[in-house]
Amino acid sequence: MSSTPKASERPTNPFQMPSTAHHVIRQFSNALCIAFAVLTAAFAIIVLLYLIIYITLQGLPFLNLSFFTELPGAFGSSGGGIGEAIQGTLILVGLASVIGIPLGLFTAIYLSEFGTGWFSQAVRFMVDVLNGIPTIIFGLFAWVLIVIPTHGFSALSGGVALGIIMIPIVARTAEDVLRLVPQELREASLALGATQSRTILQVVIPAATSGIVTGIVLAMARVAGETAPLLMTAFGSTFWFTGVMQPVDALPLRIFVFTDSPYPVQINQAYAGSVVLVVLILLTSFAVRWATGGFKRRF
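Numbering of the sequence shown is given in this note's numbering, commencing with residue 114 and proceeding in unit increments.
These aren't lab readings, by the way, just hints derived from the structure by calculation.
Every clue listed holds true.
Using C-beta positions, here's what the derived DEER-type ranges look like: (1) Leu303 x Ala134: 55 to 65 Å; (2) Leu162 x Arg139: 31 to 41 Å; (3) Val236 x Phe149: 29 to 39 Å; (4) Trp353 x Leu293: 40 to 50 Å; (5) Ala134 x Arg335: 46 to 56 Å; (6) Ala235 x Ser310: 16 to 26 Å; (7) Phe232 x Thr308: 18 to 28 Å.
Every value quoted in this text rests on a predicted model; they were computed, and no experiment measured them.
Ideal placement from N, C-alpha and C gives every residue a C-beta, glycine not left out.
With the hints as constraints, model all of the structure from the sequences given.
Below is the structure:
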């Protein structure tokens, strides 16, 4: 006849409340982790605000109409502007978007909708590798591919270098967003007789438009501030844009040149150019978020 087990031999209840000391330790660890997360987030925000405020205070007094419409003046002389740099930045980002957005988006569609097997894993790995390569390597690639054969720097080579930088950013961002589209939407479309290509174009992509556009803007903002690849491709210029096969200026290049100047006038204009670059990126980001409904309150 079996005896009744003692209380000490009974299995521990997994739902039993922890002891007071253990409960205090857990509460303290939780509070410590929350405090650390808040402090690190606050530190990042403070550094960002400090940089924006400092650049704005240094460059805002030098912003005027001529600064946006005139060409750079001689070093050491007052006046002049960065009109050709703003124009060049818009042209380079446009060329890069023509190259990087379609390639990145189609790569994302393949990885999210057809990506099974070793080949898709290899493609995903290569995209991640491209995302981690220093951007000056892309400038070297465009230099070998375009600059050397054409015997000259050009806007085309700069656009190609920036476009290659955009590809992995757009691909990985769009892939993650496309994977968030419920599988039931795809199955419902296929059940109604739609082909897989039509399902992707008319169901999956529209459902992920907001996230895709956000990723594209992120990539455009990233390449708009690149300097190293342009030093080997677009090279810079003090004249207005004359053709895709001619050197072209850009805001990062002009800021780089002005900060290397020994004259305070050009250094102050570099701060003003930084303000313009930051404002352009912020306005583009806010406009896209507003257009895609990113500021609507979600319940």
